[in-house]
Amino acid sequence: METALYRPVKAFLEQAGYAVKGEIAGCDVVGLREGEPPVVVVCELKLTFNLELILQAVDRASVADEVWIAARISARGRGREADKRYRDLCRRLGIGMLGISEAGHVDVLVSAVSPMPRSNPKRRTRLLREHRGRSGDPALGGSTKVPILTAYRQQALALAAALATGPLRPRDLTPLAATAGQILRSNHYGWFERIDRGLYGLTAEGRRALEQWTQA
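One rule links them: number in my numbering = place in the sequence shown (from 1) + 311.
Treat the hints with care, as some may be off.
To be verified - Here are the simulated DSS-like pairs of lysine-lysine, each with C-alpha atoms no more than 30 angstroms apart in a straight line: (1) Lys395 - Lys433; (2) Lys357 - Lys456; (3) Lys357 - Lys433.
Think of the hints as simulated: they come from the structure by calculation, not from any bench. Keep in mind that this is a model prediction, so the values were computed, not measured.
Build the full structure now, drawing on both the sequences and the hints.
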């Protein structure tokens, strides 16, 4: 699975000085190095190098300063990583290539060129906000068909855990989430209920969510 490539790539980028998290705003791997301005690196994962992987990388160039693609190296050495035309295409586009061995060793096949053209500042801002807002690194890069533990969901779960002991007011919950009142009122997941003016409790759906995500 693509998630098996995540930890080697995460370690590679961390050694380069990035704080790395998986599945941020649709990107498999996002590294952030704080500064003014911050430096963002994105890496997309696939089991094999193919055209779709390059197309994903080109799309990510609008939000990242540096873009990489990573895939498993072919056991017989006959994969796209051995194709000079494929490597040349990545080189011309400024996309870096990482080859991952079965043992998890990372080889730089093509170095990324930084900075790349950036044309979507709004999307980049959303990516930065999600990376900074997410506590820890709860999602493996390359995950598909599974709910992502986003920063918003993490905050909602923190509120749900507090309300599991009984009803509380938004102001009592602001130490857990600065936007506690907004999260409770919008009730995006159906976990909260308004018991009285300014007083909220936990629904049965909210208790089920706590069980589900605690196990996860």
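Hint by hint, here is what the structure shows:
For the hint pairing Lys395 with Lys433, the CA-to-CA distance comes to about 36 angstroms; that exceeds 30 angstroms, so the pair is violated. Proposed proximity of Lys357 and Lys456 is supported: the alpha carbons are some 15 angstroms apart, at most 30 angstroms. Pair hint Lys357 plus Lys433 holds up; C-alpha atoms about 27 angstroms apart against a cutoff of 30 angstroms.
Going down the numbered hints, you'll see the structure goes against just number 1.
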